[in-house]
Amino acid sequence: MNEVILDIQNLETNFVTKKGIVRAVDGVDLQVRRGETLGLVGESGCGKTVLGLSIMGLVDSPGRITGGKILFKGEDLVSKSSEEMRQLRGDRISMIFQDPTVTLNPVLRVSQQLEEVFRYHRGMKGKEARQKSLELLSLVGIPQPEERIDRYPFEFSGGMQQRVVIAIAVALNPELLLADEPTTALDVTVQAQIIKVLKDLKQQKDSAIILITHDMGVVAELCETVAVTYAGNIIEQGDLETILERPSHPYTVGLIQSIPKMEEHGKARLTAIPGTLADPTEIPPGCKFHPRCSRAEEVCKKTRPVLREVSPGHKVACHLD
Amino acid sequence: MGGFVFRRVLYSLIVVLCVLFIVSLLVRIIPGDPVDVMMAGNPGMTEQDKEQIRQQLGLKDPVLVQFEKYIVGVVHGDLGSSLRFRTPNLGLISTRLPATLELTLFSMLIAVIIAVPLGIITALKQDSAVDYGGSVFALIGISTPNFLLGIILILVFAVEFKVFPASGQADPLYVAIGKAVTGQGLGSLGDSLRHLVLPSVALGMAVAAANVRMIRSSMLDVIRTDYIRFAKAKGLPGRVVFAKHAFRNALIPTVTVLGLQLGQLLGGTFVIETVFAWPGIGRLAVQAIFWRDYPLIQAVVLVTAIMFVTINLLVDIIYHWIDPRIRYD
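Residue numbers (our numbering), protein chains in the order written: chain A, 1 to 321; chain B, 1001 to 1329.
Just so you know, these hints were derived from the structure itself, not from any lab.
Given the structure is predicted, the values throughout are model-derived calculations rather than measurements.
You may find that some hints are simply not true.
Below, computed lysine-lysine pairings styled on DSS-like, alpha-carbon distance capped at 27 Å [unchecked claim]:
no., chain 1, residue 1, chain 2, residue 2
1, A, K205, A, K125
2, B, K1162, B, K1179
3, A, K261, A, K73
4, A, K302, A, K19
5, A, K196, A, K132
6, B, K1050, B, K1069
7, A, K205, A, K127
8, B, K1244, A, K125
9, A, K261, A, K199
10, B, K1244, A, K127
11, A, K132, B, K1244
12, A, K205, A, K132
13, B, K1125, A, K19
14, A, K69, A, K132
15, A, K18, B, K1125
16, B, K1060, B, K1050
17, A, K132, A, K19
18, B, K1125, B, K1244
19, A, K73, A, K199
20, B, K1125, A, K80
21, B, K1179, A, K80
Listing some non-contacts, in silico: residues in chain B with all C-beta distances to chain A over 10 Å [unchecked claim]:
no., residue
22, L1090
23, I1114
24, E1160
25, S1188
26, L1220
27, F1242
28, N1249
Here are a few chain A residues that face chain B, going by a calculated C-beta distance under 8 Å [as the list claims (entries may be wrong)]:
no., residue
29, T103
30, V107
31, P143
We put the CB at the ideal spot given by N, CA and C, even for glycine.
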């Protein structure tokens, strides 16, 4: 097995709001190995994106990392200065965002937005940076890069814009790539193309990828391991097959049952998890999932379960079985 | 782009024509008769004589005929002659126009110099004491009429503290700059600037205040966008994120209204030039209205309207440079 390059220990990121403190990331433990692609799944508002931004050091006020460690190759990112983090970002750790149509600066040419990565991290200028940028555009499958590189983002389709965003993110061969719902804002056919781009990149580069998504289909396509989040916690983690075939946590079970299946079309109703995600300012005591859990017992209402290994590589935070 | 400019020039001409027609109607609705005003110092003038003069000046013609004659003249470069001064309007205006342009542009400069840094600081320090201070400044700036502000400035800085002159213009700025450049000393330039400060501040304050609010809110919008977050995620230095990625986008709404604001300032010169005895076309226009000097009023309005549409045309072209998403077809 490859070495662990990212080791998150008991991370807490809070937002102080008028309604109270929102614990968006509430004691997360997570390890990612070199070259591994980890799917971070969970429903909207469960803290996936905030976790990504915490790793990047880009949590905006009023949010703040209030506890825990993010060890990146042994160095704690939480204690790094903002200048140290800046040098790391875009170089050794980079991030792709959800909606490509608002991720690129509308008034700057694609070439300017690509070349500045080389310029500010590697001191490259002019022709050299341009040559590198052209190579990148080819790599992510943009045809005729010479003709397109000097266009503005609005002259590209959504899928092409996401390719540009990916090109920028992988420009300097980051050791860790965070992809926050990279296909959600795109058409289904374009989604498939972007998944292919990411797949190809995985084979060519040695980056570890954390794929933040709520789409199990994307996870099945790309990931080797899966971590399931619920209300700011990791509640189950394991390799793809284990999570898809033998999920253990009742929430994971519900999540997988809620995926529509072709063969059951017309026969079975889609199963949904009852209720909604808990109000982040009024987290229930005990297991956060217990009000929605069909199997909840007395112990679930009182004690919060911790993530424990149930079989090699398979961790679950649940009191049951 | 060429087609766009041509179309815009054509529209502009139509606008100027409409403005002229409306003004020529309006000035004739104002009570009072130009010949009465002209001959006020001549008690021996009979009503018959006056009637004859009206005939000679073409004032008895129908309004439309007068208007037509006027337009024909304008096309030939003849803006008519002032009833009061008995000289061509073109000469009267061209000697006073530089003073008005100087005042307007200097006011805009002051407005921008105040608004850009203040707008940015209040956005970056949102909800701080600086931000609240900026809001109070903006509220006062927008609500104070410019003539009142002008008089207050005169009372405080000219009468009480005697740091700036109360009225008038020294050497025109271009003359003063010429002197400074050709080595005739900076005294003239200093004097010109000292005369410019109070009227420019009085004129530009409302625009500055409005722009502080606008720059603040667009800056706040921009720094929350995903592309700024992505620029940070790329590991760009803070100054690059700010100057290259945020500032230009934040400026777009402000540039949009800059043309209109220059028009607002041009209109403001009518009042401010009167308050500060500034020898520009604004003051000339106010005097012309008191004298019922129809041809002169029309000429001033024509020149002002042409300046206004030209400024807006230029702003439209600048848009394209600042925001390439704007297309003109």
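Hint check results:
{"no.": "1", "hint": "K205(A) <-> K125(A)", "in the structure": "24 Å, holds"}
{"no.": "2", "hint": "K1162(B) <-> K1179(B)", "in the structure": "26 Å, holds"}
{"no.": "3", "hint": "K261(A) <-> K73(A)", "in the structure": "40 Å, violated"}
{"no.": "4", "hint": "K302(A) <-> K19(A)", "in the structure": "24 Å, holds"}
{"no.": "5", "hint": "K196(A) <-> K132(A)", "in the structure": "22 Å, holds"}
{"no.": "6", "hint": "K1050(B) <-> K1069(B)", "in the structure": "22 Å, holds"}
{"no.": "7", "hint": "K205(A) <-> K127(A)", "in the structure": "24 Å, holds"}
{"no.": "8", "hint": "K1244(B) <-> K125(A)", "in the structure": "17 Å, holds"}
{"no.": "9", "hint": "K261(A) <-> K199(A)", "in the structure": "24 Å, holds"}
{"no.": "10", "hint": "K1244(B) <-> K127(A)", "in the structure": "20 Å, holds"}
{"no.": "11", "hint": "K132(A) <-> K1244(B)", "in the structure": "21 Å, holds"}
{"no.": "12", "hint": "K205(A) <-> K132(A)", "in the structure": "16 Å, holds"}
{"no.": "13", "hint": "K1125(B) <-> K19(A)", "in the structure": "23 Å, holds"}
{"no.": "14", "hint": "K69(A) <-> K132(A)", "in the structure": "35 Å, violated"}
{"no.": "15", "hint": "K18(A) <-> K1125(B)", "in the structure": "19 Å, holds"}
{"no.": "16", "hint": "K1060(B) <-> K1050(B)", "in the structure": "12 Å, holds"}
{"no.": "17", "hint": "K132(A) <-> K19(A)", "in the structure": "48 Å, violated"}
{"no.": "18", "hint": "K1125(B) <-> K1244(B)", "in the structure": "20 Å, holds"}
{"no.": "19", "hint": "K73(A) <-> K199(A)", "in the structure": "24 Å, holds"}
{"no.": "20", "hint": "K1125(B) <-> K80(A)", "in the structure": "24 Å, holds"}
{"no.": "21", "hint": "K1179(B) <-> K80(A)", "in the structure": "57 Å, violated"}
{"no.": "22", "hint": "L1090", "in the structure": "43 Å, holds"}
{"no.": "23", "hint": "I1114", "in the structure": "25 Å, holds"}
{"no.": "24", "hint": "E1160", "in the structure": "45 Å, holds"}
{"no.": "25", "hint": "S1188", "in the structure": "42 Å, holds"}
{"no.": "26", "hint": "L1220", "in the structure": "12 Å, holds"}
{"no.": "27", "hint": "F1242", "in the structure": "13 Å, holds"}
{"no.": "28", "hint": "N1249", "in the structure": "6 Å, violated"}
{"no.": "29", "hint": "T103", "in the structure": "5 Å, holds"}
{"no.": "30", "hint": "V107", "in the structure": "6 Å, holds"}
{"no.": "31", "hint": "P143", "in the structure": "22 Å, violated"}
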